[in-house]
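Build the full structure now, drawing on both the sequences and the hints.
Numbering (our numbering), first residue to last: 1 to 1092.
It is possible that some hints are incorrect.
[Stated by the list, open to error] Subject to a maximum C-alpha distance of 35 Å in a straight line, what follows is the list of computed DSBU-like cross-link-like pairs (lysine-lysine):
1) K899 - K994
2) K393 - K344
3) K1015 - K994
4) K408 - K387
5) K344 - K408
6) K387 - K442
Since the hints were made in silico from the structure, they are not lab data.
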Amino acid sequence: MIKEAPMCIGWSFSDDTCLAFVSGKGPLMLWHYTETRCPDIVRDSQNLSSDVALFRWHPKKQGTVAFGHTDGSITVSSIGSKTYRHILAPEVEGGDEMDPVTALAWDPLSTDYLLVANKHCGVRLIDATARAVIMSFQLPSSAAEIQTLCWVHNAPGMFVTGDVQSGVLRIWSVANTTPIENIRIKKSGFHELHVISMHSPTLSKPLPSNEQQHVSSTSEAQRPTLTPHTHFAVPHVQLMCTFRDGGVGLYDLGHRRWKFFRDQGHLETIFDCKFKPDNPNYLATGSFDGTIKVWNIITMEAVATSAGNEGIIYHISWAPGDLNCIACSTAKNGIFIWDMNKGKVIKRIHDHGDVSVFSLAWNQQNSKLIMSCGADGFCMIHQVDGKLVHKYKHPAPVYGGDWCPFSKEIFATGCEDSLVRIFCMGTSDSQPIKTLAGHTAKAFHVRWSPLREAILCSGADDCTVRVWNYIKEECVCKLSGHTQPVRGLTWNHEIPYLLISGSWDNSIRVWDTRDGACIYVVLDHGSDVYGLTCHPEQPFLLASSSRDSTLRLWSLMPLLQPLELSILADMPPADVFSTPERAMSQGTNPKLTGSASENIRDRLHRITGPDSHRQLIICFSKFFSLPMGTENLWDLVTLATGTDVMMLSPNYRNGIVHSSHLTKFKASQAQELEMVKMSKFGGGVGAPTKEIDSEKLLAYISALETSNDIVNSWWNLTRYCQYLHSKDNEDIIPFCVAMGDAQQLVTYLHDNGQLMDAVIASQAACEETFCRPQLCESYERVGDGKLVPNKEADSNECLLKKSMAHLSAWYFSNGSAVLAACCHLAVDDFQGAMSKLIRGNELELAVSVGRAGLPSMDACLSRAELLQPKEGSVKECVEMFLLSPEPERGLAIGLAHVKEKLATANWVVPDVFDLLQLLGCIRTDKLQHHKNSKMMYELLALSAYLGALVAIRRGYNDLVTPLFKHTREMMSKEVIELPFNLRDVEHDLETWTKYTSSVSAGAEPSQSHWRKLHKRLGTERWPVEYGPDCVSSSHLPSHSDVHVSVITGQRIRGLAVFLEDGKSAVSVNEALMWAKVNPFSPLGSGMRINPF
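Here it is in structure tokens:
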């Protein structure tokens, strides 16, 4: 039984499935998290001298552990031995003040040395065996405190530390008592840092042997970056840094720059989130950590952060219009107004006293008024200057309040007595004009419908949401489903019956308030859900915040597919737009009724001509899609039609621009490559001057043009650039720019992760901004040592496309399919753009659906019977039967044709795959009829088998084995007749397994069997590039219940797609790829899988 909360944890020294943790004075506990038994007690670590602050296992002596204590002492213990080596704490000047240990690190090159940091006494190097202090290191200031430290493994004797109060990174050597260098990399203090060794790219050709090599005893040779202490060299390592404000990043110590950095996250519960009224791409959050943050939802970066120290912030509300102010309610500090532009609090209101203010709302129709609700039982109305206008007394604490959007004087409150009250400021007294009873526990938040004047909702601790008509004083709908108190509430601004709620049960529920049905449940938050809000201009984008300290964005569009299809198919406006009253009719498809869609409708009325349908698609695409790149995508599409660049969106220049505009809109980056980098040949302020500066370099290259052996001289300079590249030395940049060697420059930038710089360099080369001196071409050395022109050198245009392709692949792998498509459009690669959109499941952006007319079912039957006896019309005959009242006849004809083809000796997949996909469109009720059972299992087995072969060709490698195994299962369920047997399927599966194993091991695969299987794949006119799908958000971790894929047996990341039994699940990517090669569910029920 664990009696106290663990103070620190760490992986066990001997088992990677075991976590060690300790609390108080011990003992150390070992928890095998894969087992159900209780944690084991390490008996040898009991009754330590004082409370443990942290511990570290010895990397070489198994079982040896060092404990750092809150009194500043160190205890070294060996598991299995009852002896302790106790090292006393350093003496602190000024009395008995505690000096706790803040960091520990064993020397990786020694068995006895231990690096220790104390809060006040700084850093010491200790010999744990001799119990002696070898060296004490001096901090530059007495105010500096070390929070974390670690050794630099490939630089013996060197270590780094991070300060607790500020983001100062200090580089140390055991040869010096003072830091080698101090680097301020962030304002907030460190939480933890770890060193990650960085390996250089290797070259296929040998390096010059006469160059000086810098080596260490423990790592691969690297050319170091010199520090101001010229006799010390900082190795090329990366530091994984986490900070006290939630920031995290990967810092390149050698180049003094961030490789990755995500700044400023909340550290605690995020109680509320709100979109900015005049710029909805800004989203504000208020947190338990006492800070307000404003996020740019396109870049997901915090653009503004309050100073903090406000205690708990429960609720926030933006000022109307462009006032750029946020009102906040707090637990102890009353109400304050924070100016985002000034970055400071401009007004405080303390009329609620010292009690908590749970809710507030800025009147959006009268910007002078702010309503607040507190634990003192009052709802107060203040002017923004702090003047109290009205006080409304309640019999208990007031938790929620909201202004009516249809009146600037009416508002509602939710109280601990479970009642919802409606007030009007225009009345002479402070009594409510309506009281709504129904909840059985305290009413928390209340929210007015933005589309229906008399309607509001409330969430309560009775785990229900109630929808009220306050004029009739009745509850029109009770929403039950949450299992814990309801906290988050928001209405959709376009669909009048769509309501979203969040609860302490970690779930977000989407409700249809017409009949009270819960139409979707999201379980991805790891804790209570508090804040919910919809984007004002893109109303199907939902933001949520939680106790798990995350802010998440969701798309509601999968719930509104009929509406989306009506728009893409250019249906009449009556099928798209409506009034709130008509849209509330039961059984009708969703209709747009809000102000945002009304603006679009007005705009569309002004669009005429043949381009009107495309303009409609663009308008609604921006309206429905997430803002991450959609506007950028349509700007690039519009450019293809010849639109002038001045007609594009104002944000075009800040996104991915067309290649012809790269150096125009990204001039600063281009100049940095061509000019600024040339001036940075020195190592910065205080660094030694290098032997060659940029002017001498240019003079040297100019002299090459007059050399008798220009090619050989050029070759030597090129080889030197390759050497710099191998050492990851950015000095290569001015050399390449001066030489005009775009190929080498782009390769270096790409290998170094500077993908956008690589694109700019490629475009600069295309525009001949920098070019190779006359007579110098790309050369290579052949076997006899002779230099010949390298015919494989990429042209500048090809180099640009490759650079964009690399950037696109990076965006795609990070879940941004739209931005990946933008990269292809920037170089006029429309097929590549469409491919990325399809693979990323951004289908509404990839296709424009035109009108299509189909004959009646009886006409289809007549047509099919006419075609049936004719040769060469099988596909059309099957298609007509499937559209007729007798689709099973088409199934029989199609299966017979497929089996006939597969019975031939030289069949290939394209012979039958299209027809098999067509058969998959049969009505499910007809397919599952007991009379068609045999045909169903034949179709399922054939679809799985051919699907496995298509998956091989398209690169869906994770699905190949599951599809072959699924084929076996379908063939075993009923006696069916197929032109292949179980042994054939087993043979193909074995061939595939051996092939993948050989490829993984770097060996040659068995040619005969694999050649035969590969021949069956044939060729396919597949417009999408090969490779696995990667949908936005599918790479994110899930904090909900753990779901395991029934296809691969692996844990699902991101959202799970549940199959027809409601329990089995697959990942989004797996579902998409499976559906593209096999339309039927992996459960073998005959149901189709439709993740689209």
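Consistency of the hints with the structure:
Between the alpha carbons of K899 and K994 the distance comes to roughly 28 Å, so the proposed pair stays at or under 35 Å and holds. With a CA separation close to 32 Å, the supplied pair K393 and K344 stays within the 35 Å bound. With a CA separation close to 17 Å, the supplied pair K1015 and K994 stays within the 35 Å bound. With a C-alpha separation of about 18 Å, the suggested pair K408 and K387 falls inside the 35 Å cut-off, and the hint holds.
With a C-alpha separation of about 28 Å, the suggested pair K344 and K408 falls inside the 35 Å cut-off, and the hint holds. Between K387 and K442 the CA atoms are separated by roughly 30 Å; this keeps the pair inside 35 Å, and the hint holds.
Consistency with the previously given hints is maintained throughout, with no hint failing.
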